[in-house]
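Number of protein chains: 2
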Amino acid sequence: MSAENLILRQIGIDTYHENVAYMHRDCEVYRAEGFQALSKIAICINQHHILAVLNVVDDRSIVTPGELGLSLQAFKQLNGEPGSAVSIEHAEPPISMDAVRRKINGERLSFNDFMAISQDIVKSRYSKMEMAAFLVASGQTGLDRDEILYLTRAMLQSGEILDWKESLVVDKHCIGGIPGNRTSMLLVPIVAAHGMLIPKTSSRAITSPSGTADTMEILSQVNLDPLKLNEIIHQERGCLAWGGTAKLAPVDDKLISVERPLGIDSKGQMVASILSKKLAAGSNHLLIDIPVGPTAKVRHMREALALRKLFEFVGDRLNIHLEVVITDGRQPIGCGIGPVLEVRDVLQVLENDPDAPTDLRQKSLQLAGRIIEFDPDVRGGQGYAIARDILDSGRAMAKMNAIIEAQGKKEDYSLKPGELFFEVFADKSGVVTQIDNFKLAHIARIAGAPMDKRSGVDLLKKLGESVTEGEPLYRVHAEFEADFQFAEKLCAQDCGYQIGDEKDIPKSFVAF
Amino acid sequence: MSAENLILRQIGIDTYHENVAYMHRDCEVYRAEGFQALSKIAICINQHHILAVLNVVDDRSIVTPGELGLSLQAFKQLNGEPGSAVSIEHAEPPISMDAVRRKINGERLSFNDFMAISQDIVKSRYSKMEMAAFLVASGQTGLDRDEILYLTRAMLQSGEILDWKESLVVDKHCIGGIPGNRTSMLLVPIVAAHGMLIPKTSSRAITSPSGTADTMEILSQVNLDPLKLNEIIHQERGCLAWGGTAKLAPVDDKLISVERPLGIDSKGQMVASILSKKLAAGSNHLLIDIPVGPTAKVRHMREALALRKLFEFVGDRLNIHLEVVITDGRQPIGCGIGPVLEVRDVLQVLENDPDAPTDLRQKSLQLAGRIIEFDPDVRGGQGYAIARDILDSGRAMAKMNAIIEAQGKKEDYSLKPGELFFEVFADKSGVVTQIDNFKLAHIARIAGAPMDKRSGVDLLKKLGESVTEGEPLYRVHAEFEADFQFAEKLCAQDCGYQIGDEKDIPKSFVAF
Chain A
-13 MSAENLILRQ
-3 IGIDTYHENV
7 AYMHRDCEVY
17 RAEGFQALSK
27 IAICINQHHI
37 LAVLNVVDDR
47 SIVTPGELGL
57 SLQAFKQLNG
67 EPGSAVSIEH
77 AEPPISMDAV
87 RRKINGERLS
97 FNDFMAISQD
107 IVKSRYSKME
117 MAAFLVASGQ
127 TGLDRDEILY
137 LTRAMLQSGE
147 ILDWKESLVV
157 DKHCIGGIPG
167 NRTSMLLVPI
177 VAAHGMLIPK
187 TSSRAITSPS
197 GTADTMEILS
207 QVNLDPLKLN
217 EIIHQERGCL
227 AWGGTAKLAP
237 VDDKLISVER
247 PLGIDSKGQM
257 VASILSKKLA
267 AGSNHLLIDI
277 PVGPTAKVRH
287 MREALALRKL
297 FEFVGDRLNI
307 HLEVVITDGR
317 QPIGCGIGPV
327 LEVRDVLQVL
337 ENDPDAPTDL
347 RQKSLQLAGR
357 IIEFDPDVRG
367 GQGYAIARDI
377 LDSGRAMAKM
387 NAIIEAQGKK
397 EDYSLKPGEL
407 FFEVFADKSG
417 VVTQIDNFKL
427 AHIARIAGAP
437 MDKRSGVDLL
447 KKLGESVTEG
457 EPLYRVHAEF
467 EADFQFAEKL
477 CAQDCGYQIG
487 DEKDIPKSFV
497 AF
Chain B
-13 MSAENLILRQ
-3 IGIDTYHENV
7 AYMHRDCEVY
17 RAEGFQALSK
27 IAICINQHHI
37 LAVLNVVDDR
47 SIVTPGELGL
57 SLQAFKQLNG
67 EPGSAVSIEH
77 AEPPISMDAV
87 RRKINGERLS
97 FNDFMAISQD
107 IVKSRYSKME
117 MAAFLVASGQ
127 TGLDRDEILY
137 LTRAMLQSGE
147 ILDWKESLVV
157 DKHCIGGIPG
167 NRTSMLLVPI
177 VAAHGMLIPK
187 TSSRAITSPS
197 GTADTMEILS
207 QVNLDPLKLN
217 EIIHQERGCL
227 AWGGTAKLAP
237 VDDKLISVER
247 PLGIDSKGQM
257 VASILSKKLA
267 AGSNHLLIDI
277 PVGPTAKVRH
287 MREALALRKL
297 FEFVGDRLNI
307 HLEVVITDGR
317 QPIGCGIGPV
327 LEVRDVLQVL
337 ENDPDAPTDL
347 RQKSLQLAGR
357 IIEFDPDVRG
367 GQGYAIARDI
377 LDSGRAMAKM
387 NAIIEAQGKK
397 EDYSLKPGEL
407 FFEVFADKSG
417 VVTQIDNFKL
427 AHIARIAGAP
437 MDKRSGVDLL
447 KKLGESVTEG
457 EPLYRVHAEF
467 EADFQFAEKL
477 CAQDCGYQIG
487 DEKDIPKSFV
497 AF
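Read top to bottom, the protein sequences are chains A and B. Using the numbering used here, you'd call the opening residue of the first sequence number -13 and step up by one each time. Using the numbering used here, you'd call the opening residue of the second sequence number -13 and step up by one each time.
It is worth saying that the hints were derived from the structure and are not from the lab. There's no promise every hint is true.
One copy or two, it doesn't matter: identical chains are merged, so the pair holds either way.
[To be verified] Below, a list of computed lysine to aspartate or glutamate pairs in the EDC-like style, where the Cα atoms sit at most 16 Å apart:
| id | residue 1 | residue 2 |
| --- | --- | --- |
| 1 | K295 | D413 |
| 2 | K395 | D149 |
| 3 | K448 | D251 |
| 4 | K62 | D44 |
| 5 | K295 | E133 |
Owing to the predicted nature of the structure, the values given are computational and were not obtained by experimental measurement.
Working from the sequences, and respecting the hints, build out all of it.
Below you can see the structure in the form of structure tokens.
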């Protein structure tokens, strides 16, 4: 079939988690339009092939009729030299789409079905719309507990699984939705200073204003190659690095890239996503934080309890010791939202600064205390005191500095927030009765966080505090004029705060 | 905000039913990567804006940091001059995605919900994955009868609605899945020759080897502007043109571009799709053909009956007189599959050639007869005889020639199938007990149909015919070497025929 070949070319277009191939409309070998409606083609080089969505090109400066172009991701995945000969074929839809169609029809899927789906997704055989079909189908009729277990196991097996060869490898995960909630940057140094192994890798923000990795990046490198990361963890007993370089449960990243923009959220997917990642990272003891509040992801105690049971069911069957804590999710944690502002809060807590946000300090100590109690030598109920002692004595700060040094310290970072800023003022006097997590996160995001590290929101008033009319509630920082204007427009629509009477403050249902 | 502007540029990439915008990674005004994860942006010019998916570009020859590129479709939709200043904004997900999320959670949607979804889709505010989410959600828990009615009405109102100002405007639709089934090209001239108004517009193939428009295109122009089409219909009482130039139920075309490649098929969507298109075309009498057979879309009589009730329920409430016929869908109709081969069959029937495929002739006469009985002057049961008389007398051929002339006759077409061909042989003696509609369509498609007009499959044996070992079952024609090889490979896997004993032939449940 040597006559059937096209010349491979890399096209400098980043198509974000979807493989795209570019073929000229007058392609010399294949009928471009005939392939297009089928929506996917297989591109083959030697014995290797990848699947891609086809775009037809009319501009010879992008591809010529004798060439086949691939977007950056697709080119990397095919792993061929530019100028090599490639052939293309009609791509059959991935075989596991049959299982997705059965799920759409309400059928219960087997472990083998989930394995097949997971493998096809990892190998980029699913288009985004196929992934959307899978996510919606498994969110709608819902996955039962066993299906969630199967899915978790299939996702876990989609990539590498680390083995630390220790009986006590701990980790913590928050289900998210609370801006400013940077407890990991406090509890990792505390727990590691206690001597427990906490190989925590963190995510970058997808739709939130900052992930732990985005915030940590102010202080040190976070993109570390797996070998280097391994060395740091052995040396320091903990790390605060980005998890994307390790190939842990890679199917999860692909599903998240569809799930987040769609704004769909299924409990089954969430449990499978969290547990597969943590198990792949080699943890055997895990603390899950479920914040509950009127604008949190989980809005009612009964919902939090149902979610807890689900985590316990799957965790127990996959040999991870798992505990769930339900925390106060009524408002953002700390004052800063956005990388630089969050670093400021974290450093204040580590430095025992009297101005440090109390809620961030308290929550981090509570969570660290629970993790420390995974240690068989620690008496139940003593964890908090141990964590506090580590923090107050400066040992947490020392451990944080050691981790920063090990990961690669950023020498001349600045904690100065973005120069463009405006304040949002109370429109009446009273007490703050609501701070909408979702809206504040959205404002910080629109102001530029996390891409613009110095952008974000700085809360000046928290729940229950008294304000007088005209007093500033929070300050929005941006680095770019366009973002500044976007954020101003958004705040004018709805600032996310409510001022009212003491009795209107929603109750916290949570006791640690 | 004049400082915030980018220079508009058209990018010669055809992104097929999805708007794509291209921004350089080092864009001078906006942070390209910050926008990317959100997956959609709004591009604004004057007061007008469109939504698009963002691709980040690293190649300045495609877009420079001061430019914003748009794919062909998006550029056309924005309707701005190249070089104009455009600004971009964060695009909120379309508001109606809330309704889609409610549907995912099993809620019943209102007419207003469907209207909002339909409007947002028509205005290209939905990405493909959002459309997939809507389709799966409304396929899975299913739409109830009233929801299907609402959806049909919303789709109908998404575009123009024709009014022929006659009390008897007839049309016919087959739910599809049977290759070679070109009855429209016979019944339109028959019915029009009877004097009834049949403004039938046809579709092009999306995943099938030929649509009526693809086949008719051999004989005449089919891309006619709406004014011209109108004139032809008034003059000839019928037409055989492509429906895509009229803006009838445009939301349907967008949904189909996602539904077909996903291979999901929901009854509710199908009913809404067919009826909204026919109502928009101004029909008030409609014959629906539901073929039933083991490899047809509808595999059981009970399923066909349920579908009939659904058509009747929605049709009655939208003031269209609708009848459903259930036909024999056990095998392809006629012998040819693919544009040129199908034209040959159709012309043989019109010319009363004794070699004409009997099943195509009979089915067309039956359907035409039923339509003719919509005429109040025709006695029940007389339609078939009238239709046969029109065909046998040559009046159907004359009408077909008049329609061809009116649409714009192709002067020197050839009915010679593709020069590259191979035959598939019986591997044993016996009778043909199965011809798989799906497989044969797939083979014809892979051989190049409908893009390559002379490609396709020519059936030499039909159901129930005796064959001896080594006798040819069918011939596959291709125009291009690559397609020829794809088709050969596919036939080697499974040729789609089964040879066995007379008693193994599946029964037809159908009596007209």
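**OP:** Quick one: which hint numbers does this structure break? Sort them smallest to largest.
**Re:** 1, 2 and 3
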